[in-house]
Structure formats: C-alpha cells, structure tokens
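Q: Sequence:
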Amino acid sequence: MNAPTALVVGAPGTNRDADVMLALELAGADCRRVTPGELGADPTPLESSQLLVLAGGFSYGDNTGAGRLFGLEIDSLAGDSIRRFISHGRPVLGICNGFQALVRAGLLPGAPGAIALGHNESGSFDCRWVRIQPVSARSVWTQGLTEDIDCPIAHGEGRFTCSTETLAALEQSDSIAFRYAGSNPNGSAGAVAGICDPSGVVLGLMPHPENHVLQRQNPQAARGERGGLGLALFRAGVDHARSC
Numbered sequence: 001m002n003a004p005t006a007l008v009v010g011a012p013g014t015n016r017d018a019d020v021m022l023a024l025e026l027a028g029a030d031c032r033r034v035t036p037g038e039l040g041a042d043p044t045p046l047e048s049s050q051l052l053v054l055a056g057g058f059s060y061g062d063n064t065g066a067g068r069l070f071g072l073e074i075d076s077l078a079g080d081s082i083r084r085f086i087s088h089g090r091p092v093l094g095i096c097n098g099f100q101a102l103v104r105a106g107l108l109p110g111a112p113g114a115i116a117l118g119h120n121e122s123g124s125f126d127c128r129w130v131r132i133q134p135v136s137a138r139s140v141w142t143q144g145l146t147e148d149i150d151c152p153i154a155h156g157e158g159r160f161t162c163s164t165e166t167l168a169a170l171e172q173s174d175s176i177a178f179r180y181a182g183s184n185p186n187g188s189a190g191a192v193a194g195i196c197d198p199s200g201v202v203l204g205l206m207p208h209p210e211n212h213v214l215q216r217q218n219p220q221a222a223r224g225e226r227g228g229l230g231l232a233l234f235r236a237g238v239d240h241a242r243s244c
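If you count the sequence shown from 1, position 14 lands on 14 in the numbering used here, and the numbers rise without skipping.
Incorrect hints may have been included.
[As the list claims (entries may be wrong)] Derived Cβ-Cβ restraints for the label pairs, each shown as a range:
{"id": "1", "residue 1": "183", "residue 2": "65", "range": "24 to 32 Å"}
{"id": "2", "residue 1": "1", "residue 2": "187", "range": "37 to 45 Å"}
{"id": "3", "residue 1": "183", "residue 2": "80", "range": "36 to 44 Å"}
I should point out that these hints are in silico values taken from the structure, not numbers from a laboratory. Computed from a predicted structure; not experimentally measured. All residues carry an ideal CB built from backbone N, CA and C; glycine is no exception.
I would like the entire structure built from these sequences, with the hints used as guidance.
A: Next comes the structure, spelled out in structure tokens:
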C-alpha cells in the first residue's frame, strides 16, 4: 500500500512536531517537517503532498495571543496554497496551537471572529488527560473511529467560544467533530473539543491525540488500564490521504 506524504508545519516554539511525525508514521505516512516560511518560498512540497498537519506547542511564545502569529504567518505566506490543497480534498489537521492557527488563518467555518479559542474557564494553564468522543460523520478524521480517545490537553487558551446561533449552525452542519466526554476541562461551549470545515477535510482539535498512539504512553498503563488510542484518528486521515 502506497504511503502518502505528510507535511508537518512547525514554527519557533511548537513542541509536538516529533510526536505528530511519529503518529503519522505509525499510521502509514511518510513525513517531512517544514516551516511557514519554507511553504511560502516554495509551494512545491505542499503540491506534492497529500496531508498537512499544523503542530501544537507555544508558537512564538504565544505573544499577542495563542496561535495568533502562527496563523497570520500561515495565512500570509501560504494561505492560497493551503486553500488549493484543501480544494483538492486533501486532509488538514491543526492540533492545539495548530487549531488556534487554523482559526486565526480563517481556515475553519464561521465569519471572522465568529469562533475563538479563549482563556480556560479556570483562568490558568491546564495539563491533564481527558476523554474525547468522535461525533461527526462529516469529518474524514473520524471515519472508522469506534471508541472514544483518551489523550492529554496542555493549554491556557483552549476554551471554544461562539454565539448560541453559531453553535447551533455547527451542530446542524455536522461540523462538531469531537466533544469532551465526561468533564469539560476548559468550559468550552457545547463541550466542543474539535471542529471540521464544511468539506470535512480540515480538522481543528485542542487535545493531543499524538501523545497517545501507544498504550505505554497512557499514565495508567502500568495499572493495567487501557484507553482509546489517538492512533485511530491519524489512520483515518492517512487512509483518506491515500485517495488524494
């Protein structure tokens, strides 16, 4: 089976690049790391790839707001190329800081400012394990997922915010891809953990499924407890990329 090529976009301060690449490789993809500047200078690697991931972390120290500079850089340097990439049905994933960047770049649904990722309801940075439930039939990233995913969050600005009208529109269009199951760790509207675009190929997700692709990564594994692996999400994206 052919291995699709995945580009992992990192910027100064992102710190999950290697984790994402491991997850994609375990799912069957070949990976290459690039920066927004490299994408802007030469779109050829993007044009010859089938999958794109914006890694998480603290790009540019989260100065002026989490993911703000990362998103502006993505949009100004490579926005047109990425929109063409999406128009061809090729999957795009933004995790945590990458989700924030996708929102800032206008690559997820809603008018400018209609959705945002604000400060956690607690007012503090939160790092802990959560459970997320796939709830969308539209997203290519949820295809074949038969169980919830257990994985960590690590953010201070992860609370999904929008108006009640926008939330209803996202629900009606099946654009809510994941919800927090059980506890809602940051006070997100509708317990939203991730959303997809109308085509279903773009996914923004606050938790880190790339940090639970092997059972031994689960902090409860030594006690014999097993949780849903995030690897299933990456396999879904890679499987779709094979057809692109």
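Q: Work down the list of hints and note, for each, if the structure agrees.
A: So, going through the hints one by one against the coordinates:
{"no.": "1", "hint": "183 x 65: 24 to 32 Å", "in the structure": "holds (26 Å)"}
{"no.": "2", "hint": "1 x 187: 37 to 45 Å", "in the structure": "holds (42 Å)"}
{"no.": "3", "hint": "183 x 80: 36 to 44 Å", "in the structure": "holds (40 Å)"}
Of the numbered hints listed earlier, not one is contradicted by the structure.
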